[in-house]
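Asker: Okay, here's what each chain looks like letter by letter:
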Amino acid sequence: MSTHQPKAAKGGKWRAPAMFGALAVLFILEGTVSNTFFSGHWDNALGILRVGLISAILALGVNIQWGYAGLFNTGVVGFLALGGLAPVLVSMPATPGAFAAGGWGILIALCVAMATLVAAVFLWGRLPVRLRGWAVAATLVLGFFAYRAVFDPAVEAVQAINPSAQGYLGGIGLPVLLSWPIGAALAAAAAWVVGKTALGLRSDYLAIATLGIGEIIVAVLRNEEWLDRGVLNVNGIPRPWPVPYETNLQQDPGFLARAASFGLDPMTGSTLLVKLLYCLLFIAVLGLLIWAAQLALNSPWGRMMRAIRDNEVAAAAMGKNVTGRHLQIFIIGSAVLGLAGAMLISLDGQMTPSGYNPLRYTFLIWVMVIVGGSGNNWGSVLGGLLIWFVWIKAGEWGPTLMGMLADHLADGTLKSHLVDSAPHMRLVIMGVILLAVLRFSPRGLLPER
Amino acid sequence: MDILNAFVAILNYIIVPATAYGAQLALGALGVTLIYGILRFSNFAHGDTMAFGTGLTILVTWAMQSAGLSFGPLPTALLALPIGIALTAALVLATDKVVYSYYRKVRAAPIYITMVSVGVMFVMNGLTRVLIGVDEIKFADGARFLISAPDFKAMTGLTEPLAIRATTAITVITAALVVWALFWFLARTRTGKSMRAYADNEDLALLSGIDPNRVVAVTWVIAAALATIAGTLYGLDKSFKAFNYFQLLLPIFAAAIVGGLGNPLGAIAGGFVIAFSEVSVTYAWKKVAMYLIPGYEPEGLLQLLSTEYKFAVSFAILIIVLLFKPTGLFKGKSV
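Protein chains in written order, with numbering that gives the first Met the number 0: chain A, 0 to 448; chain B, 0 to 334.
Source of the hints: derived by calculation from the structure; they are not laboratory data. Keep in mind that a hint or two might mislead.
[What the hints assert, rightly or not] Residues from chain B that keep clear of chain A, each with C-beta distances beyond 10 angstroms, as calculated:
(1) Met120
(2) Asn124
(3) Asp150
[To be verified] Covered stretches of chain A (chain B as the covering partner; in silico rule of three or more C-beta atoms under 8 angstroms from a C-beta of chain B):
(4) 243-251
(5) 429-435
[Stated by the list, open to error] For lysine-lysine, the following DSBU-like pairs were computed, each having C-alpha atoms within a straight-line distance of at most 35 angstroms:
(6) A:Lys195 x B:Lys324
(7) B:Lys152 x B:Lys330
(8) B:Lys192 x B:Lys285
(9) A:Lys392 x A:Lys195
(10) A:Lys319 x B:Lys237
(11) B:Lys330 x B:Lys237
(12) B:Lys330 x A:Lys195
(13) A:Lys319 x B:Lys324
(14) A:Lys319 x B:Lys96
(15) B:Lys330 x A:Lys392
(16) A:Lys392 x B:Lys240
(17) B:Lys104 x B:Lys324
(18) A:Lys392 x B:Lys137
(19) B:Lys104 x A:Lys414
Beta carbons: idealized from backbone N, C-alpha and C, even for Gly.
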């Protein structure tokens, strides 16, 4: 959103390559130089890059919503978590007997719930005004009890199956790469529901509604054990194709010979190769998304979106369906978020719903978009990688710096309090970075052209 | 007798806790709605302002306790509250000076200022964690119960207990006093009237010589006071944990929108609507049903939603209001 225009960006067309070059230097320093600030392990550098790439995709998704259309989505964590459900549902093996015990019951219950909502909407449209309130309320209440009557025993039956290791439906045992587009579709479906209700109203209603849906999706994942084992976590989600397992690599004579020729021991070599392959896979996905996003942004459709963003009234007067376009872009952006969520879970190899923290997964992504330059896809990528790097390193630098500062203090409660609280300082740092960029350079590091 | 028992159970598990929770939400929603009405943006930092104010109040409480000060049967935190409010107000005014005043000057879009408030939220969240940590803290002292469960049973001979904790009573009384004072201030004093005029029509208010800086400063001080009081009452009643306050943002926004953003009376009504729905939907009705329908032995707990989904209740109400009455039950602003 450019409500107040600062000076034009300096540096012209060399600005983006220079910024990305500086970023590359940071990662190379992390990989090679060992001092107070950098670890000097390629292992760490690639590890940060891996999640950084996913962060870049998340930032791209948010940028599609905010940068193209000015939609403020504060429920990023929810769409990400919903996408993360896809690897569980798609690539975990089915729990034997679970479907026979309660799977159909659960599906029927969900169909009952859907049918109730459809019936309620239908009645609302068809009945005379006097009757419809009561009729809809009665339908909803009856539907809810019917749903619970089918749902509760089915869930109990599923959760009774080998609860210490399974107790959930499981998936359908397909390759995990397939789950990525499915994660995107799940998030898109949730976005349709939210967008349909909250778009077209005041601009900050969407922010508040998405805050709610984010918390609810995470709560569902945390509590519905039949779905994803809740806080018990699903472990052992298979890795995406082409990434091998370290233990298999270490027994592969061909790999051992190659590792030796690089002068690496099998252990380091295998972890490095795995991380490198993840990075390459994520770069491929990111590249594809950037290509598509750039095409869309520069098409007539992209020009229309920016026209709507910059002046809704004028665009509406030109016959553009503002709410409809907003809904479309909100769904597309959320699908990207869902995709990233699925990627993140197949990277972690486990589903841990208690780890979905809004500060880390919603608001940090916002810092990435704003710092990178809202409206610029490459800016989001830069912001995603850079802010993720700073976030991870600030978690290490904070205590180090605080330790140095507090070194000359006498031992005591103040000193220990300062050192203990240092890791939280990075929230303050991120907030200050966000505020400073919004105030002094609202177009970010790589401004929109 | 059974009907009385059922009534006492409802009183004990729904009406008493929901009244306290509703009062806390109402105070929070009043702050959000005032800022919306006068400064014209949705303040995402409000939950963390509550957490920060409460954190400061707890620190002052500890200092007072170690100095041997106490408030008799009342919690020491009430004594510490004015200092907590003053410190929070100072911080919030400084934030306005450093951060928000610029955006008022350039007349930035409301959604942009909302984004800025997210940055402020980040900073405040971090400051709270640095200040007091992330652990759960209980800081209520003084008398525990106004009416304790065994006393009530002995007094009435009913099988159902009724317990009213001192913190519940303090919450309701304090909230009532604060709301009364706020409405008196808005309706009777010159400053309050100028605030309402400014909220209704900024340009007209400026033309008639109202000092905008003064209105804004007073609004921030009131919002900081409301946030600190709401946060401290919530912490006394339950416990203090920084992350819970961030999560309160959703029910508070829901309350403000349900009542109509920018409408103080609506914020109070909204707070109670949200609290009563949340508590009654997540309450297990088995016991009450057994009292009311003799010979009925339900299999389940008769709980509509598990407590983990309490936020879903605020959200559902929010969605219903957005769908059918976007300006809220009481007419709010819709800019």
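Asker: What's the verdict on Lys319 of chain A and Lys324 of chain B, does the C-alpha distance respect the 35 angstroms limit or exceed it?
Answerer: Satisfied, since the Cα-Cα distance of roughly 25 angstroms is no more than 35 angstroms.
Asker: For Lys319 of chain A and Lys237 of chain B, compute the direct alpha-carbon distance and say whether it is at most 35 angstroms.
Answerer: violated, 51 angstroms
Asker: Is the Cβ of Met120 of chain B more than 10 angstroms away from each Cβ in chain A?
Answerer: Given that some Cβ of chain A is not farther than 10 angstroms from that of Met120 of chain B, nearest at about 7 angstroms, it is violated.
Asker: Given the hinted pair Lys192 of chain B and Lys285 of chain B, is their Cα-Cα distance within 35 angstroms?
Answerer: violated, 50 angstroms
Asker: For a C-alpha distance cap of 35 angstroms, please report whether Lys330 of chain B and Lys237 of chain B respect it.
Answerer: With Cα atoms ~33 angstroms apart, Lys330 of chain B and Lys237 of chain B stay inside 35 angstroms; holds.
Asker: Just want to verify: Asn124 of chain B was marked as not at the interface with chain A; is every Cβ pair farther apart than 10 angstroms?
Answerer: violated, 5 angstroms
Asker: If you draw a straight line from the CA of Lys392 of chain A to the CA of Lys195 of chain A, is it 35 angstroms or shorter?
Answerer: violated, 40 angstroms
Asker: Asp150 of chain B clear of chain A by more than 10 angstroms, beta carbon to beta carbon?
Answerer: At roughly 37 angstroms from the nearest Cβ of chain A, Asp150 of chain B sits farther out than 10 angstroms, so the non-interface label holds.
Asker: Starting from Lys392 of chain A, check that the Cα of Lys137 of chain B is at most 35 angstroms away, please.
Answerer: holds, 34 angstroms
Asker: Regarding the pair Lys392 of chain A and Lys240 of chain B, is the alpha-carbon distance no greater than 35 angstroms?
Answerer: holds, 26 angstroms
Asker: Against the 35 angstroms threshold, does the CA-CA distance of Lys104 of chain B and Lys414 of chain A hold or violate the hint?
Answerer: Given pair Lys104 of chain B, Lys414 of chain A is violated - Cα atoms ~42 angstroms apart, limit 35 angstroms.
Asker: Would the hint linking Lys152 of chain B and Lys330 of chain B be met if the CA-CA limit is 35 angstroms?
Answerer: violated, 45 angstroms
In terms of the numbered hints stated before, the structure departs from hints 1, 2, 4, 7, 8, 9, 10, 14, 15 and 19, listed from lowest to highest.
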